[in-house]
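Trainee: So the protein sequences, as listed, match chains A and B. Each residue of the first sequence is one higher than the one before, counting from 389 in this note's numbering. Each residue of the second sequence is one higher than the one before, counting from 82 in this note's numbering.
If you're looking for bench data, these hints aren't it; they were derived computationally from the structure. Be aware that one or more of the hints could be misleading.
[Stated by the list, open to error] Simulated restraints on C-beta separations:
1) D453(A) with R237(B): 21 to 27 Å
2) S430(A) with Y266(B): 37 to 43 Å
3) G250(B) with Y419(A): 49 to 55 Å
[To be verified] Beyond 10 Å from chain A on every Cβ pair, some chain B residues (computed):
4) L198
5) E208
6) T327
Every residue, glycine too, gets a C-beta built ideally from N, C-alpha and C.
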Amino acid sequence: MKTIKKMSISLILVLFGSLLLINVSADDANYDEVGAWYENFSDDLDNDLPYSDDEAYAFGNRLDDFGWDDSTPQGNAACTSSDWETSGDTTNADSVDIALIITHGGQTIGGEILLYTGTKYLQAPYIEAGDCEWGDTDMEWAVIYACHSLDNNYYDAWDDAFDGLHGIVGFRGMATQDPTLRLMYYFATELEYFDESMHDSWEYATKDFYDDKDDTAIAAIYRARMYVSGGDPYYYDYGDELISSMNPDDGVSGWSYSSKIFSSWNCPS
Amino acid sequence: MKKQNVIILTALLVIICAGILVYHQDTQDIFPIPMGATSNQNITYYLNCELPNVPQSVPSIEVYDTPITGPQAFSLIESLTGEIVTDVMTDDLTKRHRVRTEYGGATVQGYNNVLYLKKDKTPENQEIDPEILRATADEFVEKVLKILPSLQLELRFSEIYDGRYTEYGIGNRTIHTKTVRYEAYYKGIRIRGASFTVDLANGKVYEFEYHLPQIIELDESVTITSPELALEKLVNEDVDSDEFFTKLSVSDDSTRYINSFELVYYYHHLKAVEGYTPIVTYMIKGNEVTPVYNQVYSFIEYILP
């Protein structure tokens, strides 16, 4: 009898544990977590990014004003490619709802988009778009403040990264940092204070921050759309939302990814 | 001579001639920079434009944005768009207002800085004759300038280009708006960052953005060194770009083609709330090709005169 009781308790514990695992695999209970990673490249005098840390803190601090859970930004040696690339199906970046990375970026002859980590540019390891898989744990949005992060000829390099991910905001061409203004402050203010969608927040912020039309400042967004099959397809702008419990990869209510949309704009127009 | 050798030699000759022809076509307007082209970073420069004629000195100016209250921003957007305003919010820290209308929203920093965007990002756009687009935009600009505080700037038409577009897969592009752009000058010197752009969809004004500051001329002037000297500084990597921005990519071992070389006042509207003195600088723009990347990208550098 005692054995049966023990077995029953064990079974209940296993079932309970499984339920917890199922919940964790889609999204966690905290919908307002932000994480930031950055590189200053301070050992590389030709290619240093002196304001990356200021931008990372500006983003977290501003969202914190509105109740977001912001962990300390991980910078320089603490920012590694394994924080972003898939390893065991979970990464540090995928443990937050909105993840920001600020670094040098570029695309190579192979059509891959690379984001560099380390202290010296080109001598450092990199994050490769094709090796990323985001959203299966928690991430809804990736904010990539790096040159060519959404190059208009190679943005589909990120296709495999969409694993529950709503979208990516970044730049078609060159991105720049300003000595005194913080783009991420403006972006966070658009998101939370003015309560705009991701698309509108990124557009308002980048158009305000970049003040002269030039190919060096073309912002972009690559986002998912979902549709429900059966009858007339109905498209849902999943890729406009910051937070949504729906995950197309979980097959919620018959929704699935329909397509991904790439949009870009000059700054200013 | 064997027949095979004749064929090979002929083929080589054809390839060499084609190469010379292509090289000539690509470089007919490009001439090497006089003092030697390659910098320490292995950047090779080619000048593909005329150097500007510049005065010996230009006046220092101060720019400012005329402050605006929430209710004034409400009225301004209503009169500019003809839409019903539904909401106004103010970010006290940055002194910017968000004015929401039936169909869009605007960031109003002051009377001199307004960005109006529609909610719908994908309007249908028919192909319209550029002259008609220009006439429509001109009419709108005239209307706006009557509402703004009087400006000391000269506004010049600059260009028309694709504004908003989306792609569902690479290359499958739908254009939603065409942008008509105007740039601002003070006494013949362009104020970089001061512009008025009008986005048109289906031939009608859809969105717009203007950054046209108020100006006070100061009793000081800036002495201008020659563009030739600025060019020499560029090749010697003695640039001042870090004063203005830090770029998030690098360009070692690249080839750069200079397409634009001008003297400008450097203005940024987000810094003009309290008023500041724009820096006079040479602004050099063009394309660069690097072995790291697969295509031509743009570059920009600043050199103080």
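Trainee: Going through the numbered hints above, which ones does this structure break? Give me the numbers in ascending order.
Mentor: Going through the list in order, the structure violates hints 1, 3, 4 and 6 and respects the others.
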